Each structure stands twice: as C-alpha cells, then as structure tokens.
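A.B. asks: Just so you know, the protein sequences line up as chains A and B, in that order.
Numbers in our numbering are just positions in the first sequence, counted from 1, shifted up by 1474.
Numbers in our numbering are just positions in the second sequence, counted from 1, shifted up by 33.
Keep in mind the hints are simulated off the structure, nothing from the lab.
Below are the BS3-like pairs computed for lysine-lysine, each with C-alpha atoms no more than 25 angstroms apart in a straight line:
1. A:Lys1631 / A:Lys1613
2. A:Lys1639 / B:Lys130
3. A:Lys1535 / B:Lys246
The following residues of chain B were derived to be distant from chain A, with all beta-carbon distances above 12 angstroms:
4. Ala101
5. Phe165
6. Leu166
Going by beta-carbon spacing under 8 angstroms, a handful of chain A positions derived as facing chain B:
7. Lys1528
8. Leu1533
9. Tyr1555
10. Pro1558
11. Arg1584
12. Thr1585
13. Glu1658
14. Asn1662
15. Thr1664
Predicted, not measured: the structure shown is a model, and the values here were computed from it.
Just so you know, even glycine gets a beta-carbon here, dropped at the ideal spot from N, CA and C.
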Amino acid sequence: MLMRGAGFYKLFSAAAMLLLLCGSAAFALEDDFAKIRRESSGIRTLQADFVQKKFMKILSKPLVSEGRFYYEAPDSLRWEYVKPLKSLVIIRKNQIKRYLYSEGKMIEDRTGGAQTMKIVLQEVVGWMNGRFDQNPSFKATLIRKATPVITLVPADKNLSGFVEKIEITLAGSRGVVKSVKIFEGTDNFTQINFVRVQTNAPIDSAVFQDVP
Amino acid sequence: MKKQLVSLLSVLLLSCQTLPAIDPAGKAMFACPFPFPGERSRWVHSIESRMPGDQRSSAIGVTVINPATQAISCAVMTAEGMVLFEAEDGPGGLQVKRALPPFDSGEVAKNLIADIRLIFLAPRGLLEDKGFLSNGAAACRYRDETGGWIDVIGEDQSEDVQIRRYSSSGTLKRQVRFSHKSKNFYQRVELQADEIYPYSLEMELLETRTLKKNPKH
Chain A
1475 MLMRGAGFYK
1485 LFSAAAMLLL
1495 LCGSAAFALE
1505 DDFAKIRRES
1515 SGIRTLQADF
1525 VQKKFMKILS
1535 KPLVSEGRFY
1545 YEAPDSLRWE
1555 YVKPLKSLVI
1565 IRKNQIKRYL
1575 YSEGKMIEDR
1585 TGGAQTMKIV
1595 LQEVVGWMNG
1605 RFDQNPSFKA
1615 TLIRKATPVI
1625 TLVPADKNLS
1635 GFVEKIEITL
1645 AGSRGVVKSV
1655 KIFEGTDNFT
1665 QINFVRVQTN
1675 APIDSAVFQD
1685 VP
Chain B
34 MKKQLVSLLS
44 VLLLSCQTLP
54 AIDPAGKAMF
64 ACPFPFPGER
74 SRWVHSIESR
84 MPGDQRSSAI
94 GVTVINPATQ
104 AISCAVMTAE
114 GMVLFEAEDG
124 PGGLQVKRAL
134 PPFDSGEVAK
144 NLIADIRLIF
154 LAPRGLLEDK
164 GFLSNGAAAC
174 RYRDETGGWI
184 DVIGEDQSED
194 VQIRRYSSSG
204 TLKRQVRFSH
214 KSKNFYQRVE
224 LQADEIYPYS
234 LEMELLETRT
244 LKKNPKH
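From just these sequences and the hints, can you work out the full model?
C.D. replies: This is how it looks when you write it as structure tokens:
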C-alpha cells in the first residue's frame, strides 16, 4: 500500500521537478536524451514561479494553486505552495522535511509524507542529471513539433492505474518548459505552468534551511 | 508530551459524554437551528486533520451536495493536486471512483462519507425532541436511521451551531461546530470524531458556488 502511494507521489513530483530539466531539455530535441544529460550539468541553480490548475469533473472551473521552486546543485530543493493551501518540502543533503501550515506557522509533517518524498528525491536527483529516460517505471518519448512535448507513460502496471501519462510541453526554440500536464484519468488532470524561470542566479542559502 | 496528554484527555472526556437531557420548556417556541445548504452547491475547503500524537496533515476537499436528492459527490486531494479519494453517494449507494492510502480502506471511505453527510445535509430522521440543554442552548434532536441521535444545537450568545451525533447507546461519536462569525456557517467547520482512532478536522472555506438543480451527470 505504501509503495502504491509513494509511486503516485513520485509521478506528481516528477512532473513538477521536470522544470529542473528545462534548460537541458531545450537542447535535447535535436538529438536524444543523452544530450539532455550532457547539458544538464550546466545548471547550478534554478528558480521559478508556478501556477497549478486542477481539472476534475466535480469542479466546474479549475482549482488554481500557486507556488515557487528553488533548486541548487547538487541536491538542494525547495518546493513551496503558497496558495490556497500552504505546504513546503525542503530537501538538502539527502535530508527531506515536509511542512504544512497550521495555526499561523509552518509545522513539520510527521505523518510519513516526508519519508514518501524521500523516495521521490532519489528519483528527482536522477532527473536533475538528465536521466529521466532511464527509470524503468516510465517510458519517455520526445515528440518534435512547434512546441515540443516530452511524454512519460508509466511502464509499471502498479503506477498506470493512478496516472495515465505526463506531458511536458516546451515553449519556443530554446525549449523552456511551458507547462506540465499530469493525467490521472478521464476528466482528471493537473496542469502546471511555469513562469519567471531563472537559471544560475544566486539563491540565498536560507531558502534551503529547515523551518524553525 | 503535554499536548498529547491534553489531546488524549479531550478524547476521553468526549467519549464519556452521553445523550444529554433536553428540557422541553413548554415546547420551546424557536425554529430548529438549520446551518445546512438549501440548494445544490459546491464547497471547496482546505482541511487540516489531526490524529493522536499531534500528527497533522492537510488536504483540499471538494464537496457537491444536493439536498433534494441527498446525493453527495466528493474529492480529497493534496496541495500538489493528487486526488486521494473520489466518490459519489446517493440513492444508488456509495460509488468509490478512486481511493489511495489511507482512503483505500472501506471503513475509512464509509466514515468520510458519513462525516460529509453529517456536516452538509440536514438530518433525515424524525424530530424527536426540542427544547433546551442544561447550558441554555436550543437543541433539536433527530432520530438517526442507524438508531442513534443527532442533535442540532444553536448557541445563544455566539450564534454558533453545533451538531452532535450519538450512538444508539447514547455515546457521543461526532461533534461538528460551525462558526457563525463570517455569516457563512461553512466558512470554518470543526469536526471531532470519537473512534478507536480518534481524529479531528478543521475546514476553512476556499470557495463555494450554487449549482443548477438538475445536473447533467
């Protein structure tokens, strides 16, 4: 049961974390995923805002969330939702902490969610190095068109029951990630649009510190 | 440790509560408190759940209720948009469309739907008693279809409303408190559940919308 939940978290986090590949993916379309791996080594930091829209049949209009990403090589990450539900994941030196907003402050999530995210981190580290086509749980393809699309389809039957596919759309010739769509099923998908993406800009180390 | 002890004591105190007497006081002349939505509507809440040991988690809950048909549709998702649970319940019975841990237990799903029904839909049972509790609060008591009781209580001073569900043996099982400060009872809802694994929910309204009476689906 835990693995089913963990796998699902992986997929969701995967879509979000693929932002980290945007710089490298930009140059990958000429060739293949090996190019991504080469180019990703040039990313030292990355930060971006994101707008997430959740589409479901039960919702007549999408539920909109907003947040911000920070990444610093080799292994620091901050993934923060600021509204409507505040939550935060901080990964640093292979340690992960998850927080939720309660009674006016961020408190650590001790329900096991953080440990689930640790599994995700191991996955993400691979992706940050451009190795997102080497996970046997997914089949990754690049589709060349005006707005190139990377598609991840679960190869693992345990995962395919929860997520049908993940689509990453790149924008323009430089291939900056425009959006990520996570399809969970019929009439149920999550779209994340990334804006104000900055690569290799300095990030205050406090961003990756634990919340006191 | 202190928090855990207080939490445990609260639960124990709750579980010791039994069906309180209602003083009819001359068949009190008041309208029964009615916080429930009167129309088909959608409600989106942030939900913080607490379990013993001060374990907390958060989620977003979407609920569509139809008072006319007693139908409920609901979804629970994480901040990341991951749908943990999705189900419909109505005259045709409970249909779980999606259930990930910990919602993949039938008992959890059943309790979740029962909690939603308690919060959003007026009691279906007959009004059995009406009057005042010992603290002066106006109360209407309904016989639950499972043999228990549901009290809907209006607090005179705060204008808050409470719902209390008791088992057939008179043990308090659920306590729901609506805060009336924002003039929308569903702006802030608190639920305290007394089970083998007790839990509480704090719900904050994110958005609501009245829907067409006759849905296409």
